[in-house]
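**Student:** What follows is each chain in one-letter form.
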Amino acid sequence: MPEPVIRLENISKQYRIGMLQERPDTLRDVLTTSVKRAGRLFTRRSTGRDDSPSYIWALKDISFEVERGQVLGIVGRNGAGKSTLLKILSRVTDPTLGFGEIRGRVGSLLEVGTGFHPELSGRENIYLNGAILGMRREEIDRKFDEIVEFSEVAKFIDTPVKRFSSGMYLRLAFAVAAHLEPEILVVDEVLAVGDAEFQRKCLGKMSDVAQEGRAVLFVSHNMSAILRLTQETIVLDQGKMVMRAPTPDAVDHYLNMGLTKQGERYWDQDPYILHGADFVPVALRVLNPAGEVVDTVNAAEGFSIELVYQLTKEISGLRVGIYMMTTRGEFVFTSFDTDDARLYDRYVNRGPGRYISRCEIPPDLMNEGRYILGVNASTYRIQRYFQDDKALTFTVDATGAPGTQWPEPRLGPVRPKLAWKIGKVER
Amino acid sequence: MTEITRENKDQTPVIFLRPAKGWLGLDLRELWRYRELIFFLTWRDIKVRYKQAILGVSWALLQPLLTVLIFTMIFGILLKTPSQNLPYPLFALSALLPWQLFATALQRSSVSLVGNANLITKIYFPRLAIPLSTVFAALVDFLVSFLVLLGVMIYYRHWPSLNNLWLLPIILLALLTALAVGLWLSALNVQYRDVQHMVPFIIQVWMYASPIVYPIDIIPAGPWRLLYGLNPMVGVIQGFRWALLGTEPPDMTMLISAGVVLILLVSGLYYFRRMEKTFADIV
Chain W
1 MPEPVIRLEN
11 ISKQYRIGML
21 QERPDTLRDV
31 LTTSVKRAGR
41 LFTRRSTGRD
51 DSPSYIWALK
61 DISFEVERGQ
71 VLGIVGRNGA
81 GKSTLLKILS
91 RVTDPTLGFG
101 EIRGRVGSLL
111 EVGTGFHPEL
121 SGRENIYLNG
131 AILGMRREEI
141 DRKFDEIVEF
151 SEVAKFIDTP
161 VKRFSSGMYL
171 RLAFAVAAHL
181 EPEILVVDEV
191 LAVGDAEFQR
201 KCLGKMSDVA
211 QEGRAVLFVS
221 HNMSAILRLT
231 QETIVLDQGK
241 MVMRAPTPDA
251 VDHYLNMGLT
261 KQGERYWDQD
271 PYILHGADFV
281 PVALRVLNPA
291 GEVVDTVNAA
301 EGFSIELVYQ
311 LTKEISGLRV
321 GIYMMTTRGE
331 FVFTSFDTDD
341 ARLYDRYVNR
351 GPGRYISRCE
361 IPPDLMNEGR
371 YILGVNASTY
381 RIQRYFQDDK
391 ALTFTVDATG
401 APGTQWPEPR
411 LGPVRPKLAW
421 KIGKVER
Chain Y
1 MTEITRENKD
11 QTPVIFLRPA
21 KGWLGLDLRE
31 LWRYRELIFF
41 LTWRDIKVRY
51 KQAILGVSWA
61 LLQPLLTVLI
71 FTMIFGILLK
81 TPSQNLPYPL
91 FALSALLPWQ
101 LFATALQRSS
111 VSLVGNANLI
121 TKIYFPRLAI
131 PLSTVFAALV
141 DFLVSFLVLL
151 GVMIYYRHWP
161 SLNNLWLLPI
171 ILLALLTALA
181 VGLWLSALNV
191 QYRDVQHMVP
201 FIIQVWMYAS
211 PIVYPIDIIP
221 AGPWRLLYGL
231 NPMVGVIQGF
241 RWALLGTEPP
251 DMTMLISAGV
261 VLILLVSGLY
271 YFRRMEKTFA
281 DIV
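Here the protein sequences come in this chain order: W and Y.
If you're matching positions, the first sequence starts at 1 in this note's numbering and goes up one per residue.
If you're matching positions, the second sequence starts at 1 in this note's numbering and goes up one per residue.
Hints listed in this document are in silico derivations from the structure and should not be mistaken for laboratory results.
Keep in mind that the hints are not guaranteed to be accurate.
[Said to hold, decoys possible] What follows is a list of derived Cβ distance ranges for each label pair:
| hint | chain 1 | residue 1 | chain 2 | residue 2 | range |
| --- | --- | --- | --- | --- | --- |
| 1 | Y | Phe-39 | W | Glu-212 | 56 to 62 angstroms |
| 2 | Y | Arg-35 | W | Asp-145 | 52 to 58 angstroms |
| 3 | W | Asn-10 | Y | Ile-282 | 21 to 27 angstroms |
| 4 | W | Pro-118 | Y | Ile-202 | 26 to 32 angstroms |
| 5 | Y | Arg-35 | W | Asp-389 | 42 to 48 angstroms |
[Stated by the list, open to error] Cross-link-like lysine-lysine pairs, in silico, BS3-like; alpha carbons within 30 angstroms at most:
| hint | chain 1 | residue 1 | chain 2 | residue 2 |
| --- | --- | --- | --- | --- |
| 6 | W | Lys-60 | Y | Lys-277 |
| 7 | Y | Lys-51 | W | Lys-240 |
| 8 | W | Lys-162 | W | Lys-201 |
| 9 | W | Lys-390 | W | Lys-424 |
| 10 | W | Lys-162 | Y | Lys-51 |
| 11 | Y | Lys-47 | W | Lys-162 |
| 12 | W | Lys-421 | W | Lys-390 |
| 13 | W | Lys-60 | W | Lys-143 |
| 14 | Y | Lys-51 | W | Lys-143 |
| 15 | Y | Lys-47 | W | Lys-60 |
[What the hints assert, rightly or not] Some, not all, of what chain Y presents toward chain W, calculated at C-beta under 10 angstroms:
| hint | residue |
| --- | --- |
| 16 | Pro-19 |
| 17 | Leu-41 |
| 18 | Gln-107 |
Since this is a predicted model, take the numbers as computed values, not measurements.
Ideal Cβ placement from N, Cα and C applies to all residues, glycine included.
Could you build all of it, start to finish, from the sequences and the hints given here?
**Tutor:** Structure representation (structure tokens):
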């Protein structure tokens with residue numbers, strides 16, 4: 001059994017509340033607090049790690065191992081401790097408690113372009129950034145052409161990067177980081193930036209790294225990317241590792257965390273929703289034929305999906321729809337409420353008010369399994385009003401579906417009832 | 001705390017992640033491994049400083065030249081300050097150069113950690129690389145402006161001599177002084193931004209507390225002179241003038257100055273290393 005490249009034992013990190021957000025102390029604050037502290041000295045001995053309310057554990061007892069060649073996904077909401085964990089792994093900050101062992105260089109795509117200086121040229125920044133990331137000069141010399149080619153900014157290589165477009169800047173920054181060849185690569189949300197072609201390149205680079213036998217830690221909010229690129233994923237919640245499991249299970253667990261009611265999703269508590277926006281999502285529900293909100297539906301009976309939303313002003317050409325995706329990240333279908341031309345004509349202008357768009361999923365269409373529902377509201381090629389790729393998950397039960405007399409799993413996300421005819425061919 | 005040890009079998013460095021604890025010693029080996037980073041940071045500092053400046057690096061020449069012109073007019077011609085039997089411009093410039101080396105290095109190093117916060121919060125490297133590289137960048141400026149001094153020396157027919165070799169340890173002492181104070185101030189500045197407002201003031205007071213515009217002789221010899229020597233720049237400037245122009249050789253003040261620098265440097269390193277672990281969390 002090979003030695004793991006990363007081994008963490010009960011890694012914990014404590015922060016003082018406000019330490020990260022507030023402006024640093026000024027001497028005046030220090031003088032006042034030290035007077036207070038001097039008074040407290042007599043009542044209580046203060047220690048560096050206490051559990052008083054002014055301290056929080058950003059990470060608590062994280063233990064895991066990563067082997068060579070493994071791609072491990074890390075998912076969790078904002079504030080779950082993902083960034084703190086990556087910072088500890090890349091040695092930017094030390095754990096408060098615990099122990100860890102890392103074999104090899106950690107390359108971080110935590111924030112590409114760190115240390116880029118706007119006044120310096122692309123060429124100069126490659127060397128500077130390379131050195132900051134821990135590359136030797138001779139190593140940068142050797143890979144220079146490759147980096148430039150990867151970044152596709154060869155023409156502007158001697159221009160100060162402050163004149164670069166944000167896309168060029170990013171490509172150059174990523175190109176340097178991608179050529180670091182670390183034993184452990186940490187990738188954090190790089191996929192959220194750059195155009196599709198560039199993202200494809202980044203993903204390709206990541207899988208190359210894994211195939212060369214190095215380890216990749218992949219942090220993302222993009223579940224389909226996590227599902228595509230990782231076999232195993234850990235789920236962080238409020239600083240604790242709540243799960244380490246094969247990725248589909250971990251993603252499923254993550255998506256269901258904190259949902260108020262199974263089979264239903266409300267957005268009213270969601271901090272990302274702008275309440276004054278033109279399109280405000282309200283709820284997404286999975287309903288059985290009796291109209292009850294359920295987490296599990298029966299494939300043979302069919303079910304419906306409804307999306308409730310509020311328009312604050314009239315939108316023309318709006319289409320509201322769903323994506324259905326398996327927990328392995330494959331799309332099953334995409335459907336919009338105005339796919340039907342007659343409905344489109346009727347609702348071409350939707351005035352302000354509350355709406356429900358409901359679709360019927362016919363009986364004998366879906367295979368059994370767990371599915372992810374995504375939501376999209378947009379006008380074709382003009383504007384996207386809302387999108388949530390992982391709004392809700394639910395389970396389809398296949399009792400009574402075609403072929404269930406054989407208790408075997410059927411491949412594929414759909415399990416349609418097809419009209420077979422059997423005849424004997426006479427000779 | 002983090003450290004690297006090399007394994008014999010596969011040459012893969014093993015990094016240990018542990019809670020930070022107290023004094024960890026000065027890991028010179030690690031610093032040496034990061035020498036290229038220090039080089040690139042120094043190079044960036046210099047490059048960026050003169051980029052988009054029409055006069056470019058000639059600012060490093062103009063600055064001491066203009067300052068000496070003002071000093072000569074006010075202190076040399078109007079106030080008739082004694083100048084150890086040297087032409088006043090040469091007298092002032094020979095002190096101004098090591099002083100500017102010190103002042104530039106101190107000023108830049110004290111804000112260096114905060115100025116590089118984006119690096120510190122994202123990437124690991126020995127944090128000492130940052131103040132070190134600013135001190136080195138100041139040295140490059142110094143070498144450029146040294147040309148001005150050479151020009152003025154030749155103008156006044158002061159020829160170089162073997163005694164000039166003493167300049168090297170004295171410049172080193174000036175750098176160490178700047179580094180020592182810079183370590184303290186840069187680490188303090190991470191937590192208390194008051195420091196960066198205090199630095200220009202500190203430098204100004206410090207300049208008048210050093211024998212730049214006036215000769216050291218006006219401080220009475222004896223206990224007062226020894227007290228004066230607690231300012232390490234006194235030894236540096238006195239030594240610099242002596243090594244370059246053959247004024248009276250440094251005395252006890254030099255030893256006191258060197259001693260003070262040593263204490264400041266060791267304590268500065270200690271404080272810096274102790275605070276280093278928290279930079280990323282509080283900067």
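**Student:** Okay, Arg-35 of chain Y versus Asp-389 of chain W on CB: inside 42 to 48 angstroms?
**Tutor:** Since the Cβ atoms of Arg-35 of chain Y and Asp-389 of chain W sit about 47 angstroms apart, the hinted range of 42 to 48 angstroms holds.
**Student:** Going by Cβ atoms only, is Leu-41 of chain Y closer than 10 angstroms to chain W?
**Tutor:** holds, 8 angstroms
**Student:** Between Asn-10 of chain W and Ile-282 of chain Y, does the C-beta distance stay in 21 to 27 angstroms?
**Tutor:** Given about 24 angstroms between the Cβ atoms, the range holds.
**Student:** Has the given pair, Lys-51 of chain Y with Lys-143 of chain W, been kept, meaning a C-alpha gap of at most 30 angstroms?
**Tutor:** holds, 27 angstroms
**Student:** Given the proposed pairing of Lys-60 of chain W with Lys-277 of chain Y, does the C-alpha separation stay at or below 30 angstroms?
**Tutor:** OK: Lys-60 of chain W and Lys-277 of chain Y at ~19 angstroms, within 30 angstroms.
**Student:** Between Lys-47 of chain Y and Lys-162 of chain W, is the straight-line Cα distance small enough, at 30 angstroms or below?
**Tutor:** With Cα atoms ~15 angstroms apart, Lys-47 of chain Y and Lys-162 of chain W stay inside 30 angstroms; holds.
**Student:** Going straight from one Cα to the other, do Lys-60 of chain W and Lys-143 of chain W come out at no more than 30 angstroms?
**Tutor:** Not OK: Lys-60 of chain W and Lys-143 of chain W at ~40 angstroms, beyond 30 angstroms, violated.
**Student:** Is Lys-162 of chain W within 30 angstroms of Lys-201 of chain W, Cα to Cα?
**Tutor:** Holds, at about 24 angstroms.
**Student:** Starting from the range 56 to 62 angstroms, see whether the pair Phe-39 of chain Y and Glu-212 of chain W falls in it by beta-carbon distance.
**Tutor:** violated, 30 angstroms
**Student:** Within 52 to 58 angstroms or not, the Cβ separation of Arg-35 of chain Y and Asp-145 of chain W?
**Tutor:** violated, 25 angstroms
**Student:** Holds or violated: the hint that Pro-19 of chain Y contacts chain W, with Cβ atoms closer than 10 angstroms.
**Tutor:** Holds - the Cβ of Pro-19 of chain Y comes within 10 angstroms of chain W, reaching about 6 angstroms at its closest.
**Student:** Would you mind confirming whether the straight-line C-alpha gap from Lys-390 of chain W to Lys-424 of chain W stays at or under 30 angstroms?
**Tutor:** violated, 48 angstroms
Against the hints set out earlier in the document, violations occur for numbers 1, 2, 7, 9, 12, 13, 15, 18.
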